[in-house]
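Given chain A, work out where chain B should sit, using these hints.
Protein chains in written order, with my numbering: chain A, 1 to 316; chain B, 1 to 299.
Source of the hints: derived by calculation from the structure; they are not laboratory data.
Note that CB positions come from ideal geometry on N, CA and C, so glycine has one too.
Among the hints, a few may not be true.
Unchecked claim - Reference listing, derived: stretches of chain B covered by chain A, where coverage requires no fewer than 3 residues with Cβ under 8 Å from a Cβ of chain A:
id: 1; stretch: 36-49
id: 2; stretch: 90-100
id: 3; stretch: 192-200
id: 4; stretch: 241-249
id: 5; stretch: 286-294
As a plain string of letters, each chain reads:
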Amino acid sequence: MVEGFRKFTKKFPQLILWFILAAFLLLLPTFLPLYYLIHSIDVIIIILFAVSFNLLYGYMKEISFGHAGFFGLGAYTMVALTKYTEVNLFIAMAIGMLFVLLYALLVSPLVTRLSGIFFALCSLAFGEFIAIIVWSSRDLGGDVGLHFSFITLKEMKIFYYIVLSIASICIIAMYKIVNSPFSLAIRAIGDNMSRVECIGIKVLRYRMAIFIISAAFTGIAGLLYSILHGIVHPRIASWEMVTSPLVGTLLGGAGIFSGPIIGTAIYYTLYWKIGGITSHWEYFTGGLIVILVIFLPKGIMPTFYTLFKQKLKKEP
Amino acid sequence: MLEDIAIQLLFGLARGSTLFLLAVGLSLIYGMLNVLNFAHGVLFMLGGFFAVSLLSVLGVAQPALWIILLLIAPFLVSLVGVGFKFLLTPVVKGPREITEVKTLIFTIGLAMIFSALARTIWGADIYSFPKPSLIAGSINVLGRAIPAYDFLLVGLGLGIGIFLILLFFKTPTGVLTRAYQFDERIAAAMGVDTGRLSLIMFALGSFLAGLGGSLSALVGTVEFLTWKKVILEAFIVAIIGGLGSFRGVLLGAFLIGIIESLVIFFFARFGPWISWIAIYTVFVIVLIFRPKGIFGGRF
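The shape of chain A in the complex, shown without the other chains:
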């Protein structure tokens, strides 16, 4: 009884922290102006993108530029279906996700056979494939893109809660995946692939599985992103779209679950602020990448954790 109580009090500060965070996120729309609310939705969506990107980059140590292709494919499928057929939005979303899964299934055996730079560039080729197809097709809007409106500005508050709940469910699901035996195999593959193969684990199967899972969550992020912005254009399927989750993951720390969440929240907010002031935002993004790779290759969160642990050790 006393032991249980002690355990509870030990966890108490953590619980309070979670409670405050949840209350803050739930109450955000009540006091935030509309302009900032839209940005918060944007940040949540990009965080979802970054967390699914981190499944590959952080745990399997492979960088996939092709994720922008999945991001765009689901969104384009959804928009094209609702535009040209009389399909319900939710069915269109489901079909969009189906397309993403099918494409990931098709691509993954080819991509996951490779590693390192070859993985990065082969996935880039498959992503750019989507970008070129949507860019060249007149029915899909060409380089102007397709405009549509599923939500109005008045519905933004409701949309915020929808996005928040979908993103939380997805992120919790990914947290469960990351803390499962499955992810241990993935991490081991990331550390030393040939050794894992010697143990008798079917490496290729695991790599394909994590690739498809990551692509699916990216597809969800893409759907939400296009609904929020009311436009799909080829840029969201092109590799430049990956820079936001990439820099966010680098900043927060790859291979740690909270890394991309914190990092993307900071990076994307700054990017949005700077992009609002000047058109020379590439200095900021490029400079941040260079500085992070040279001086802080592990990112903020691991550094933060080690400092925190040292402090805890010193105190008693």
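Here is chain B on its own, set in the frame of chain A:
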């Protein structure tokens, strides 16, 4: 019909020459430092910008123009490339599997900074300059008028290709380069000055990229987005041939150039994007059968 194909082959060779100039440095630098240089497209773009600026400042008298286009602008670019090398040196230390991805990300950052820099200096305008009289006309081949410019490109591409073959296979420097690519540590242990050698190759690769850039600005245009347009194709050429392999780049560049021009000729009614689909298809097919490229692992 046969004549058409012959002429398309000529265009393909011209396109392949530009691709060769662009991708050879990429491949050489990868072979030396295990860095896939995302900022290589920036060097190509800077070649064009330097040529445009120098020509507008110094005027366009005939002999001086060629010296600027073929020597001075690429030389300035090679200085920038050497600067890249010094920035990259602290990042490339460590096991190869980690540094490859790390340096890829690092060079993306460099490319973004230089792209923003080019935008600050030259603005978002599209630049071009009038063609000099030597190559403004056209030459009749098989009853068709071919721009003289394409002959210049083919000549330069093949000339530089032969020069590099002689350099790599017939001179001491070339032997040392191949030894270095084969095994860096043993080469260093045998007394090869690896730092100097990789510096030379970095300068050479950037020089050729700058040359390609200044020549393509001569016939086409240059803007701050140029690097994004060329870098993907350069990667594909370098990887199809096998990264780090000189023969591979030579084959890959002309293969892609010829495929591109033939596909455009036969399937033009589908739109200009069909050439990209063809290139990516070739790329994926090569990676399926030879995951390290056609000449992967061999110089």
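Outcome of the hint check:
1. 36-49: violated (count 1)
2. 90-100: holds (count 5)
3. 192-200: violated (count 0)
4. 241-249: Violated - the stretch 241-249 of chain B has 1 residues with a Cβ nearer than 8 Å to chain A, which falls short of three.
5. 286-294: Holds, because 4 residues of the stretch 286-294 of chain B bring their Cβ atoms closer than 8 Å to Cβ atoms of chain A.
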